[in-house]
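For what it's worth, our numbering labels the leading residue of the sequence shown as 98, then goes sequentially.
If you're looking for bench data, these hints aren't it; they were derived computationally from the structure.
The C-beta atom is built at its ideal place from N, Cα and C for all residues, glycine as well.
Each hint should be verified, as a subset may be incorrect.
[Stated by the list, open to error] Simulated restraints, written as ranges between beta carbons of each label pair:
id, residue 1, residue 2, range
1, S368, E153, 32 to 40 Å
2, D171, N324, 15 to 23 Å
3, A157, N378, 24 to 32 Å
4, F164, A347, 39 to 47 Å
5, E203, K177, 17 to 25 Å
6, N369, D202, 12 to 20 Å
7, S368, E306, 12 to 20 Å
8, R149, P201, 39 to 47 Å
9, V179, S145, 44 to 52 Å
10, L110, D202, 28 to 36 Å
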Amino acid sequence: MYDIVVIGNPTFLVTNDVLHLSGPSVFSAATAAKLRIEQLAIVGSLGSAMTREFVESLDALGIPEYFIVTDEEDSARRIKYVNEKKQLIEFIGIPHKIGIRSIPDEFLQARAILLCPSLQEINSELIEWICNSSDSLVFLNPQLRTIDADGRLEFIKELNLMEKTHCFLEIIQSNEQESFLITGEADPFLAAELLVEWASEICIITMGERGSLIYDGNDFHIIPPFNTNSVDELGAGSVYLTGFVSQHLAGKMLSECGAYGSSLASVKVESNGFDFEFNQNEIKRRIDLISESIEIR
Numbered sequence: 098m099y100d101i102v103v104i105g106n107p108t109f110l111v112t113n114d115v116l117h118l119s120g121p122s123v124f125s126a127a128t129a130a131k132l133r134i135e136q137l138a139i140v141g142s143l144g145s146a147m148t149r150e151f152v153e154s155l156d157a158l159g160i161p162e163y164f165i166v167t168d169e170e171d172s173a174r175r176i177k178y179v180n181e182k183k184q185l186i187e188f189i190g191i192p193h194k195i196g197i198r199s200i201p202d203e204f205l206q207a208r209a210i211l212l213c214p215s216l217q218e219i220n221s222e223l224i225e226w227i228c229n230s231s232d233s234l235v236f237l238n239p240q241l242r243t244i245d246a247d248g249r250l251e252f253i254k255e256l257n258l259m260e261k262t263h264c265f266l267e268i269i270q271s272n273e274q275e276s277f278l279i280t281g282e283a284d285p286f287l288a289a290e291l292l293v294e295w296a297s298e299i300c301i302i303t304m305g306e307r308g309s310l311i312y313d314g315n316d317f318h319i320i321p322p323f324n325t326n327s328v329d330e331l332g333a334g335s336v337y338l339t340g341f342v343s344q345h346l347a348g349k350m351l352s353e354c355g356a357y358g359s360s361l362a363s364v365k366v367e368s369n370g371f372d373f374e375f376n377q378n379e380i381k382r383r384i385d386l387i388s389e390s391i392e393i394r
């Protein structure tokens with residue numbers, strides 16, 4: 098049995114016409130590998146033209162196993178967006194849907210399944226099928242983004258999760274903008290209550306420099322950030338979630354899971370791309386500092 102299976106299509110950042118593997122699913126799998134989780138696999142869809150770059154990059158990141166859902170239409174597209182630092186970013190995204198039963202049964206035999214789409218390739222039908230076909234704990238990092246007619250990245254304008262997902266997840270993690278799009282509530286506390294009522298046992302809302310909010314239907318756990326010099330925030334949410342999941346599987350309390358995830362994310366943002374490593378003594382130091390200011394309501 099796997100400890101963690103990550104499902105979601107990769108993306109490829111384009112820098113001077115050189116491709117660099119990226120995407121929420123890859124950041125999650127890479128984080129698990131850096132945490133020395135050995136029973137690990139990643140599942141995603143891509144065309145044959147990009148398979149070699151994908152496999153070679155997974156090997157370099159120490160991700161031990163993969164399964165490719167073949168994108169026979171080769172739907173990869175060049176996409177542009179402006180990041181928080183007003184920089185124009187170009188990447189190749191793969192919107193090809195991952196279909197029901199395109200994932201072999203062995204990958205549903207995991208302690209945890211992380212659903213980490215990049216461009217809506219994981220739809221509500223697939224989520225419901227996975228929840229109903231597996232005894233795994235299912236975690237969703239929704240990434241509510243799509244491509245406009247000009248090949249630019251944009252957020253989905255609205256999403257009613259009550260109509261879209263007819264199953265219960267273990268955890269859904271979203272940022273404030275995503276939680277607003279799903280629930281219509283700008284207040285993260287109200288949004289968290291709705292997400293737990295509608296879709297998951299536990300909700301995590303990441304709030305950037307204000308840390309994160311965890312709600313389990315009873316208590317709000319307010320996790321402060323670890324303040325550091327940020328170099329590259331891409332993938333930080335995926336790193337947080339994977340760290341959280343690793344501790345959740347170990348039976349830790351929610352506040353401990355949140356402090357661990359926050360600590361790992363703070364290490365990630367100090368480096369570009371995947372050039373981060375976890376020193377356990379430093380992680381513990383950061384957890385201790387974060388834990389001093391955790392608030393439970």
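Outcome of range test on Cβ distance (F164, A347; 39 to 47 Å): violated (26 Å)
Hint check for D202 and L110 - Cβ pair distance inside 28 to 36 Å: Distance hint for L110, D202 holds at roughly 33 Å.
Cβ distance range 15 to 23 Å for D171 and N324, holds or violated: With a Cβ separation near 44 Å, D171 and N324 fall outside 15 to 23 Å, so the hint is violated.
Status of the given 32 to 40 Å range, CB of E153 versus CB of S368: violated (21 Å)
12 to 20 Å as the expected CB spacing between D202 and N369, which holds or is violated: violated (38 Å)
Cβ separation of V179 and S145, checked against the hinted range 44 to 52 Å: violated (31 Å)
Status of the given 39 to 47 Å range, CB of P201 versus CB of R149: With a Cβ separation near 22 Å, R149 and P201 fall outside 39 to 47 Å, so the hint is violated.
Assessment of proposed distance window 12 to 20 Å (beta carbons of S368, E306): Holds, at about 19 Å.
Range hint compliance [Cβ, E203 to K177, 17 to 25 Å]: violated (37 Å)
Verdict for A157, N378 (Cβ pair) under range 24 to 32 Å: Distance hint for A157, N378 holds at roughly 26 Å.
Violated hints, in rising order: 1, 2, 4, 5, 6, 8, 9; the structure is consistent with all others.
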